[in-house]
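There are 2 protein chains.
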Amino acid sequence: MSDTSSQTSQKPYKLDEQVGYILRLASQRHSSIFQSHTLSKLTPTQYSALIRIAEIGHCSQNHLGRLTSMDVATIKGVVDRLHKRDLVTLKPDPNDRRRTLITLSELAKKQLDDLYKVGHTITEKTLAPLSASEQQQLLKLLAKIT
Amino acid sequence: MSDTSSQTSQKPYKLDEQVGYILRLASQRHSSIFQSHTLSKLTPTQYSALIRIAEIGHCSQNHLGRLTSMDVATIKGVVDRLHKRDLVTLKPDPNDRRRTLITLSELAKKQLDDLYKVGHTITEKTLAPLSASEQQQLLKLLAKIT
DNA sequence: GCTTTAATGTTCGTATACTAACAATTTAAA
DNA sequence: TTTAAATTGTTAGTATACGAACATTAAAGC
Numbered sequence: 292m293s294d295t296s297s298q299t300s301q302k303p304y305k306l307d308e309q310v311g312y313i314l315r316l317a318s319q320r321h322s323s324i325f326q327s328h329t330l331s332k333l334t335p336t337q338y339s340a341l342i343r344i345a346e347i348g349h350c351s352q353n354h355l356g357r358l359t360s361m362d363v364a365t366i367k368g369v370v371d372r373l374h375k376r377d378l379v380t381l382k383p384d385p386n387d388r389r390r391t392l393i394t395l396s397e398l399a400k401k402q403l404d405d406l407y408k409v410g411h412t413i414t415e416k417t418l419a420p421l422s423a424s425e426q427q428q429l430l431k432l433l434a435k436i437t
Numbered sequence: 292m293s294d295t296s297s298q299t300s301q302k303p304y305k306l307d308e309q310v311g312y313i314l315r316l317a318s319q320r321h322s323s324i325f326q327s328h329t330l331s332k333l334t335p336t337q338y339s340a341l342i343r344i345a346e347i348g349h350c351s352q353n354h355l356g357r358l359t360s361m362d363v364a365t366i367k368g369v370v371d372r373l374h375k376r377d378l379v380t381l382k383p384d385p386n387d388r389r390r391t392l393i394t395l396s397e398l399a400k401k402q403l404d405d406l407y408k409v410g411h412t413i414t415e416k417t418l419a420p421l422s423a424s425e426q427q428q429l430l431k432l433l434a435k436i437t
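These protein sequence lines map, in sequence, to chains A and B. Every position in the first sequence, counted from 1, becomes a number in our numbering once 291 is added. Every position in the second sequence, counted from 1, becomes a number in our numbering once 291 is added.
No lab work stands behind these hints: they were computed from the structure. Heads up, a few of these hints could be off.
Heads up, the list lumps identical chains together, so a pair's fine if it works in one copy or across two of them.
[As the list claims (entries may be wrong)] Dumping the calculated SDA-like pairs for lysine to any residue here, alpha-carbon to alpha-carbon at most 25 Å:
| id | residue 1 | residue 2 |
| --- | --- | --- |
| 1 | K400 | Q427 |
| 2 | K305 | S318 |
| 3 | K431 | I313 |
| 4 | K332 | R320 |
| 5 | K401 | G368 |
| 6 | K375 | E397 |
| 7 | K400 | P303 |
| 8 | K305 | T329 |
| 9 | K435 | P385 |
| 10 | K435 | R372 |
| 11 | K435 | A419 |
| 12 | K367 | Q319 |
| 13 | K305 | K367 |
| 14 | K302 | H328 |
| 15 | K416 | L316 |
| 16 | K400 | T380 |
| 17 | K305 | R357 |
| 18 | K401 | Q319 |
| 19 | K431 | E308 |
| 20 | K302 | A399 |
| 21 | K408 | I313 |
| 22 | K431 | T412 |
| 23 | K305 | D387 |
| 24 | K416 | Y304 |
| 25 | K332 | Q319 |
Can you make the complete structure from the sequences, with help from the hints?
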């Protein structure tokens, strides 16, 4: 029962074995791979938002936030920046004066195929250290703790 | 070969199946669980830094950054905030006038056992949806893409 | 020794990410 | 119908996270 640390429990606490810590490291590596492909200088978050709009056609700002798991403050910043780059168009919802309808701009539509292609590449590179079955496993397990 | 989207590749691109996106969701959930345990209002990042200092006794700011995978700008902010809360002590390195030696404060040392305990709890809750073997698998796979 | 290179820490700028508070609008309930 | 509750979007504040540039100091190369 000798223990050099101040811990008294059975399992020693090792930072490098904690999910939270490893998740951060994995996210960092993915982010780094993403940035190295400079998708018109899009960030992973902006990319997610664009893809979601492409999927559903149009939606309100808060709704887009829910579809991409971003809170209202975060999605606002993302939409603002996408708008500033002319990647989305904004117009008031005629049926609800609180809402703003967000759609892909023509510029964004032209880039869609490229976005999807590079998106695939980024995912492949991120998962490259794993075998095909390991990749499936990882996605399955990650989805479970979401 | 009918495809309603503008994608032409074999594999359709689904945002919800991309590692990057799922990693973000998993990190968000972990972060949320972490915050709900308000470790003296520590953030996951501040927690990591504290634990690392506890592991090695003392170190410079940049070195701590490398040990916790934070770049120089990030670790500076983290150390500043830890110092502001009296969780670390800072003193100039007598052997290198560029460096500042960082050590745990007495206040932090007193809280160490609690930090470890809650750290375990947070990890357990985050991994709760998985079986014991799945937990091992996930950590193994995540470590591989780090 | 002297110059080049490297390392440490700082600051600025930008982008998530979340809390909390707020006004305007819509919906639901009384 | 009129009040209460919920939704939408905005703003302010704080905390990562990273790139880039900078001055100070230390280490290497000659």
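(message) Treating 25 Å as the Cα threshold, decide for K305 and T329: within, between, both or neither.
(response) Between copies only: 20 Å across chains, 35 Å inside a chain, cut-off 25 Å.
(request) Could you figure out if K400 and T380 sit no more than 25 Å apart (CA to CA) within one copy, between two copies, both or neither? (result) For K400 and T380, only the intra-copy Cα distance (11 Å) is at most 25 Å; the inter-copy one is 54 Å.
(message) I want to check one pair: K435 and A419. Are their C-alpha atoms no more than 25 Å apart within a copy, between two copies, both, or neither?
(response) both (21 Å within a copy, 9 Å between copies)
(request) Could you figure out if K302 and H328 sit no more than 25 Å apart (CA to CA) within one copy, between two copies, both or neither? (result) between (41 Å within a copy, 20 Å between copies)
(message) When Cα atoms must be at most 25 Å apart, do K416 and L316 count as within-copy, between-copy, both, or neither?
(response) both (15 Å within a copy, 20 Å between copies)
(request) With 25 Å as the alpha-carbon cut-off, assign the pair K401 and G368 to within, between, both or neither. (result) within (23 Å within a copy, 40 Å between copies)
(request) Up to 25 Å between alpha-carbons, please classify K431 paired with I313: within, between, both or neither. (result) Both: 17 Å inside a chain and 10 Å across chains, each within 25 Å.
(request) Since the copies are identical, ignore which copy is meant and state whether K375 and E397 lie within 25 Å (CA to CA) inside a copy, between copies, both or neither. (result) within (14 Å within a copy, 49 Å between copies)
(request) Up to 25 Å between alpha-carbons, please classify K401 paired with Q319: within, between, both or neither. (result) neither (29 Å within a copy, 32 Å between copies)
(request) Classify it for me, K435 with R372: is the Cα-Cα distance of at most 25 Å met within a copy, between copies, both or neither? (result) Intra 32 Å, inter 34 Å, cutoff 25 Å: neither.
(message) Within a copy, between copies, both or neither: which one fits K431 and T412 at a CA-CA cutoff of 25 Å?
(response) Answer is both: 20 Å inside a copy and 23 Å across each meet the 25 Å cutoff.
(request) Please work out whether the CA atoms of K302 and A399 approach to 25 Å or closer within one copy, between two copies, in both situations, or in neither? (result) between (51 Å within a copy, 21 Å between copies)
The structure does not agree with the numbered hints 1, 9, 10, 18, 23 stated previously, though it agrees with the rest.
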